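Enquirer: What follows is each chain in one-letter form.
Number of protein chains: 2
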Amino acid sequence: MVKNQNRQVVLAERPRGIPEARHFELQEVPLPEPGDGEFLIHNRFLSVDPAMRGWVNAAANYSEPVAIGQVMRSFAAGEVVQSNHPDYAEGDLLCGMFGWRDYAVSNGKNVTFRHDMAEVPLSASLGILGVNGISAYFALLDVCEPKTGETVVVSTAAGSVGSAVGQIAKIKGCRTVGLTGSAGKVQQCLDEFAYDAAIDYHSDDLDAAIGEACPEGVDVYFDNTSGAISDAVYRHLRIGARCVVCGTAALASWDPWPEGPRIERHLLVKRARIQGFLLFDYSERWQEARVQLGEWLAAGKLNYREDILSGIEQAPGAIARLYAGENKGKLLIKLD
Amino acid sequence: MVKNQNRQVVLAERPRGIPEARHFELQEVPLPEPGDGEFLIHNRFLSVDPAMRGWVNAAANYSEPVAIGQVMRSFAAGEVVQSNHPDYAEGDLLCGMFGWRDYAVSNGKNVTFRHDMAEVPLSASLGILGVNGISAYFALLDVCEPKTGETVVVSTAAGSVGSAVGQIAKIKGCRTVGLTGSAGKVQQCLDEFAYDAAIDYHSDDLDAAIGEACPEGVDVYFDNTSGAISDAVYRHLRIGARCVVCGTAALASWDPWPEGPRIERHLLVKRARIQGFLLFDYSERWQEARVQLGEWLAAGKLNYREDILSGIEQAPGAIARLYAGENKGKLLIKLD
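Chains A and B are the protein sequences, given in the same order.
With the first letter of the first sequence counted as 1, position 81 gets the number 87 in the working numbering; the numbers rise by one all the way through.
With the first letter of the second sequence counted as 1, position 221 gets the number 227 in the working numbering; the numbers rise by one all the way through.
Among these hints, one or two may not hold up.
Any copy will do: because identical chains look the same in the list, a pair fits if it lies in one copy or spans two.
Think about it this way: if two alpha-carbon atoms lie no more than 25 Å apart in a straight line, the pair counts; the simulated SDA-like pairs of lysine to any residue are [unchecked claim]:
| # | residue 1 | residue 2 |
| --- | --- | --- |
| 1 | 340 | 37 |
| 2 | 153 | 288 |
| 3 | 307 | 262 |
| 4 | 178 | 35 |
| 5 | 176 | 93 |
| 6 | 9 | 20 |
| 7 | 153 | 68 |
| 8 | 115 | 277 |
| 9 | 307 | 233 |
| 10 | 153 | 277 |
| 11 | 176 | 302 |
| 12 | 153 | 284 |
| 13 | 340 | 266 |
| 14 | 176 | 70 |
| 15 | 153 | 319 |
| 16 | 9 | 241 |
| 17 | 334 | 91 |
| 18 | 334 | 294 |
| 19 | 9 | 65 |
| 20 | 307 | 27 |
| 21 | 153 | 291 |
Derived from the structure by calculation, the hints contain no laboratory data.
All values derive from a computational prediction rather than experimental measurement.
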């Protein structure tokens, strides 16, 4: 049933660092009407992703910052409820950049893909079959080129990207070591995500713990954190190591750039590389990843976890919740 | 004429940071006798390279440190004067890791290549047709993959590696920008090494100078310095930039690792990469580079400069001289 009113979360104030509830405002506005060549989508799930912090920061980033007063940019998954667009019909299930709101009008340009796998729930299209799984897939396989028998270390190893990375690396015959933020998540890494070893990065001696878990050194480092966690991993790089920076969750702010140990000499000595990754560069190949991830899911080779909050009023505080590491899986907000 | 005595420079004391004259000792020892399967080489030129600093430092590096009391490890070029080895005959001109001494006995294993290009002087086999030219060739072409029309920035742009990098990039159709340490070297970059622009890195506002010379940003950064010079270049990376660390001349010491601005977030935003390079990883392909460099030399497309000191007693202070930037080309020591 289409409602009369539309609730939306707009950016009220520009945060420095991590966006908190107070930086957003929940508004009720009239339901929009799709025009010619447009359709109305009813969002069922809103996505909460670490990257959203970058989208609201004023500092130069890979996309224009969300403007003050604008609906918060976000991935969402929903159902077409009204359509004047030839390619989309009522009942179609879609993922796209629909924003934090109940209903969105779209001309199709912000659709990322159709939820075309009937055997998996719609929410998976925002996580393991969406941005998280696809990021894990390309950043690991394309950028890091892991080989059988190599040691792959993953930071935020139990997170929605990290848990996929660990399992894909395992499928590829690598030894996998996860770094995560609590004893419970260490256990989750071992029990649910098939890591060969997992380390709580609050460990007294993280350096020694990594050395013990990676006696021959680190061939691939999949970095979702940067900061002190990465510094410890870098010290264990093996000759020819490949590192990808997929996220920088451990940096409180990058304006100005924070200081840390210089890595250049170490990269030279180890003939290692560090490369940045952005999912959007692979948009033409997303379907390739989704098909392979879907096959692994169907074969029971991939586990994933979701942490689903209920109601759009949960959205404003959700990014801070993610950065506090309170979520126990891909963080989503379910709407009625 | 073979002399009776052999002069050699040994490591007397382990330096922290840059090795100076006082860290070495010049000795006179009896002339060695080549045994079965060995030959005696008379060094004509000793090489002085920035990498030698790493070879005498105790900190973990890519090769075992030179031991106290051991002859200083170095490339050298010389002539075989006595041979009991089937593959080498009197009069052969060779380059190899013969060390800082007049005469060396070799079983052939430390020979890097024959000086097989009669049209160029022997000394070139230690520079443009030796480690410097070969480093420039592979680190630029293999690691950075420059494309026509791209902007290539080079640090220590007038140096023996940097000047080759700039010219090779130019041959490949790139726009080249050199960073160097004096007004004289800026002029040399423009006049002798075909740079499109050159900047004195002591400039008041290096950041602005790079921005002006690279209005569309930096596609390739060939780094021989690390430190503040690199920090300034990194700020101008273009999306998809490739950086290679070939040397770290601007770091006074890397034990412990010095601090600097964290690059990870920037690499992510720019989808850029930084990779370390070591010449020895390419040893099986050195000849490929020498042949191509030789062709460019013959065609007048490559210039090079040498700064030749006379006498082995110049060797102990030569590395510090190099790091002070006093040399005006590839630094060599000529022996009688």
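Enquirer: When no copy is specified for residue 9 and residue 241, does a C-alpha distance of 25 Å or less occur within a copy, between copies, both, or neither?
Expert: neither (56 Å within a copy, 49 Å between copies)
Enquirer: Give the relationship of residue 153 and residue 284 under a CA distance limit of 25 Å: within one copy only, between copies only, both, or neither.
Expert: both (22 Å within a copy, 22 Å between copies)
Enquirer: When no copy is named, should residue 153 and residue 291 be tagged within, between, both, or neither for a Cα gap of at most 25 Å?
Expert: Both: 22 Å inside a copy, 24 Å across copies.
Enquirer: Classify it for me, residue 178 with residue 35: is the Cα-Cα distance of at most 25 Å met within a copy, between copies, both or neither?
Expert: Answer is neither; intra-copy 49 Å and inter-copy 58 Å both fail.
Enquirer: Within, between, both or neither: how does the pair residue 334, residue 294 come out at a Cα-Cα threshold of 25 Å?
Expert: Cα proximity of residue 334 and residue 294: none, with 28 Å in one copy and 54 Å across.
Enquirer: Treating 25 Å as the Cα threshold, decide for residue 153 and residue 319: within, between, both or neither.
Expert: neither (45 Å within a copy, 50 Å between copies)
Enquirer: Since the copies are identical, ignore which copy is meant and state whether residue 334 and residue 91 lie within 25 Å (CA to CA) inside a copy, between copies, both or neither.
Expert: neither (38 Å within a copy, 69 Å between copies)
Enquirer: Reference check for the pair residue 340 and residue 266, CA-CA at most 25 Å: within, between, both, or neither?
Expert: neither (39 Å within a copy, 43 Å between copies)
Enquirer: Is it within, between, both, or neither for residue 115 and residue 277, if the alpha carbons may be no more than 25 Å apart?
Expert: Between. Shortest inter-copy distance 24 Å satisfies the 25 Å Cα cut-off; intra-copy 42 Å does not.
Enquirer: Please work out whether the CA atoms of residue 340 and residue 37 approach to 25 Å or closer within one copy, between two copies, in both situations, or in neither?
Expert: So residue 340 and residue 37 pass the 25 Å test inside one copy only (19 Å; across, 85 Å).
Enquirer: How do residue 307 and residue 27 come out at 25 Å by Cα distance, when the copy is not named: within, between, both, or neither?
Expert: For residue 307 and residue 27, the Cα distance exceeds 25 Å both inside one copy (37 Å) and across copies (62 Å).
Enquirer: Measure nothing new, just compare the shortest in-copy and cross-copy C-alpha distances for residue 176 and residue 93 to 25 Å and report within, between, both or neither.
Expert: Intra 39 Å, inter 50 Å, cutoff 25 Å: neither.
In summary, the structure is inconsistent with hints 3, 4, 5, 6, 9, 13, 14, 15, 16, 17, 18, 19 and 20 from the numbered list given earlier, while agreeing with the others.
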